[in-house]
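Novice: Sequence:
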Amino acid sequence: RERERERAVMGSVKNEIKLNNGMTMPLIGLGTWKSELGKTGNAVYHAVKVGGYRMIDTANDYNNEAEIGKAIAMLLKEGVVKREELFIQSKLWNSNHKKEHVKPDLVATLKDLQLDYVDSFIVHWPQACPGTGLAPAVRVNGACAGPASSGVMFPIDTETKKYASDNKTHFAETWEAMEALVDEGLTKSIGLSNFNKAQIQEIITITKKHKPVILQNECHPYLQQKDLVDFCNFHDIVFQAYSPLSSKDRPAAFRKPDDPELLEDKRVIEIGKKYKKSPAQVVLRWHLQAGHSAVPKSVTPSRIEQNIEIFDFELDANEMQIMSSMNCGWRILLWSETAMHPDYPFKDELPFGHVVPKAPLSTTTASKVGDKAQLAGV
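Counting from 21, one number per residue, gives the positions in the sequence shown under this note's numbering.
Just so you know, these hints were derived from the structure itself, not from any lab.
Some hints here could point you the wrong way.
[Unchecked claim] Lysine-lysine pairs mimicking DSS-like chemistry, simulated, CA-CA at most 27 Å apart:
hint, residue 1, residue 2
1, 286, 276
2, 118, 182
3, 231, 38
4, 188, 119
5, 229, 123
6, 231, 123
7, 231, 188
[What the hints assert, rightly or not] Label pairs and their calculated CB-CB ranges:
hint, residue 1, residue 2, range
8, 224, 127, 24 to 30 Å
9, 356, 224, 25 to 31 Å
10, 99, 320, 23 to 29 Å
11, 103, 221, 31 to 37 Å
12, 44, 99, 19 to 25 Å
By construction, the Cβ of each residue, glycine as well, lies at the ideal position given by its N, Cα and C atoms.
From just these sequences and the hints, can you work out the full model?
Specialist: Here is the structure:
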């Protein structure tokens with residue numbers, strides 16, 4: 021458990037961390053949640069060719085994996101990188117937690133990405149909701165909201181107007197199928213996302229052969245997840261932050277009028293002035309020194325480059341303490357619309373008497389067109 025997590029805090033953008041299965045993974049990757057169609061492919065191409073990124077984080081439900089696949093194919097064809105130099109991570113969608121639906125989910129992703137395997141495949145959420153459990157639901161079925169009978173990835177019960185929920189499926193059977201994917205060579209490693217500590221412990225207990233190598237959860241200075249990070253370190257699981265910059269462009273369904281804006285926080289701005297770095301670079305530097313991997317999203321070339329230019333400075337102890345003091349437990353992606361499922365992970369953060377609300381008709385930025393096409397039947 022005392023595995024040496026070597027990371028040079030100054031220097032090369034090629035900094036990597038060793039996973040518990042012996043693989044290495046870049047610490048910083050390009051996130052693609054909310055990356056718009058028509059812009060995602062260019063972002064991936066620029067990140068790899070110009071920015072020096074070697075990790076791309078994606079998911080079938082983001083509705084942009086086909087575009088990412090075209091960018092990867094171009095990069096490989098042009099000889100910018102070799103396949104083995106890239107670390108591609110995707111995710112199993114909630115609708116596909118039944119044992120027999122796990123492999124079809126990954127097969128659909130591989131087809132979109134134009135790859136024979138991914139380097140990491142993680143369970144996106146512990147709860148099989150939204151989902152019906154009746155058949156696999158992947159991007160080609162509609163990465164959008166729609167009637168449960170339509171087979172889309174965000175199925176809605178037409179009577180209750182709430183998400184359909186496959187309450188009979190538990191992630192234990194999902195994990196068994198995930199392990200089989202490694203043996204089949206479709207993914208080199210497997211992991212988790214949005215799981216709480218008790219759920220991670222259950223996965224560790226039932227694992228037969230392939231341990232989770234990564235936990236990807238929301239994390240930023242306002243939600244530092246210190247106990248969960250320590251738990252992961254103890255079990256030799258790399259903690260990876262999504263929305264590491266607090267997702268300023270998050271969908272309206274996840275936004276409130278009084279939400280704080282991390283990149284406008286005066287404490288972060290002042291630290292940045294000292295090093296002539298942007299607030300985003302300060303926050304990402306904090307992630308590295310706090311022991312996290314991170315996958316910041318951007319489709320803007322200059323920001324893509326800035327987000328990985330964080331290995332030429334180091335926050336001092338006082339600055340790390342300032343960043344640590346910002347923790348207030350503010351979670352962006354609570355997603356209480358799925359709380360009817362027994363495996364919903366954040367029940368202790370819901371108010372007493374919480375009533376599961378109706379499902380939002382919009383999902384992610386990338387799938388807005390698809391959403392509009394499906395709304396008539398909801």
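Novice: Hint by hint, where does the structure go against what was stated? Just the numbers, ascending.
Specialist: Structure breaks no hint.
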